[in-house]
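Novice: Whenever a hint applies, use it, and build me the whole structure from the sequences.
Which chain is which? The protein sequence lines are W and X, in order.
Just so we're aligned, residue 504 is where the first sequence starts under the working numbering, counting upward by one.
Just so we're aligned, residue 9 is where the second sequence starts under the working numbering, counting upward by one.
Derived from the structure by calculation, the hints contain no laboratory data.
Just so it is clear, the structure is predicted and the values come from calculations on it, not from any experiment.
All C-beta atoms, glycine included, are put in the ideal place defined by N, C-alpha and C.
Any given hint could be a false lead.
[What the hints assert, rightly or not] Below are the DSBU-like pairs computed for lysine-lysine, each with C-alpha atoms no more than 35 Å apart in a straight line:
{"no.": "1", "chain 1": "X", "residue 1": "Lys63", "chain 2": "X", "residue 2": "Lys81"}
{"no.": "2", "chain 1": "X", "residue 1": "Lys110", "chain 2": "X", "residue 2": "Lys78"}
{"no.": "3", "chain 1": "X", "residue 1": "Lys86", "chain 2": "X", "residue 2": "Lys63"}
{"no.": "4", "chain 1": "W", "residue 1": "Lys582", "chain 2": "X", "residue 2": "Lys110"}
{"no.": "5", "chain 1": "W", "residue 1": "Lys583", "chain 2": "X", "residue 2": "Lys86"}
{"no.": "6", "chain 1": "X", "residue 1": "Lys63", "chain 2": "X", "residue 2": "Lys110"}
[Unchecked claim] Away from chain X, derived, C-beta distances all over 12 Å, residues of chain W:
{"no.": "7", "residue": "Pro511"}
{"no.": "8", "residue": "Leu547"}
{"no.": "9", "residue": "Ser570"}
{"no.": "10", "residue": "Leu586"}
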Amino acid sequence: SQTIHQWPATLVQPVGSPLSLECTVEGTSNPNLYWYRQAAGRGLQLLFYSVGIGQISSEVPQNLSASRPQDRQFILSSKKLLLSDSGFYLCAWRARDLYNSPLHFGNGTRLTVT
Amino acid sequence: AQTVTQSQPEMSVQEAETVTLSCTYDTSESDYYLFWYKQPPSRQMILVIRQEAYKQQNATENRFSVNFQKAAKSFSLKISDSQLGDAAMYFCAYRSGGATNKLIFGTGTLLAVQP
Chain W
504 SQTIHQWPAT
514 LVQPVGSPLS
524 LECTVEGTSN
534 PNLYWYRQAA
544 GRGLQLLFYS
554 VGIGQISSEV
564 PQNLSASRPQ
574 DRQFILSSKK
584 LLLSDSGFYL
594 CAWRARDLYN
604 SPLHFGNGTR
614 LTVT
Chain X
9 AQTVTQSQPE
19 MSVQEAETVT
29 LSCTYDTSES
39 DYYLFWYKQP
49 PSRQMILVIR
59 QEAYKQQNAT
69 ENRFSVNFQK
79 AAKSFSLKIS
89 DSQLGDAAMY
99 FCAYRSGGAT
109 NKLIFGTGTL
119 LAVQP
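Specialist: Have a look at this one:
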């Protein structure tokens, strides 16, 4: 069966520090991968998605970047965090070859920028 | 661009009763998919139910069913025999059938279940 791992679960970082959140998927190949952010009491905002190694689409211009160095690895990064980067970050994957496949989410990372 | 609207920020239901959560969407596409996700206090996103736009029959998963009105661009979720464990934030989501594969979420409805 497929599983998605996302870490760390919780992170507290000072303003101006770098960020690296990692997400890996097991049990599937060639997944579509996604990073979402959820601000407190708000809906989910799509940040980045990837349909293949090295292919990244950005949805919202911002302080963050994403990379996909391997087929099942998706990394969210920042060189210098802002207070506004605080939130709950969710990684997700979807089977590319199944037309009606849903998104499967990781457990999320709660990021607090102080 | 596609949008998803959930007009009920909060809802409440008595245990064992039925509740309906509303969702409308805006799209010019004919091929798309609709989903309801549940987010309990643990904040894990759990798929509740899905609907293909080309299917006229409403999807059903145990106590959960949808009322899909394609012409009205409406996709409501009905929870029957509500249980305490149903208390969560519920998100409606839209995905294009095209190559973009993006899932667009509504702002969510917080459902409380009263014992």
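Novice: State for each hint whether it applies.
Specialist: Quick rundown of the hints versus the structure:
1. Lys63/X <-> Lys81/X: 14 Å, holds
2. Lys110/X <-> Lys78/X: Cα-Cα ~20 Å, so holds.
3. Lys86/X <-> Lys63/X: 18 Å, holds
4. Lys582/W <-> Lys110/X: Holds, at about 26 Å.
5. Lys583/W <-> Lys86/X: 44 Å, violated
6. Lys63/X <-> Lys110/X: Satisfied, since the Cα-Cα distance of roughly 20 Å is no more than 35 Å.
7. Pro511: Non-interface label on Pro511/W holds, nearest chain X Cβ at 14 Å vs cutoff 12 Å.
8. Leu547: 4 Å, violated
9. Ser570: 19 Å, holds
10. Leu586: 21 Å, holds
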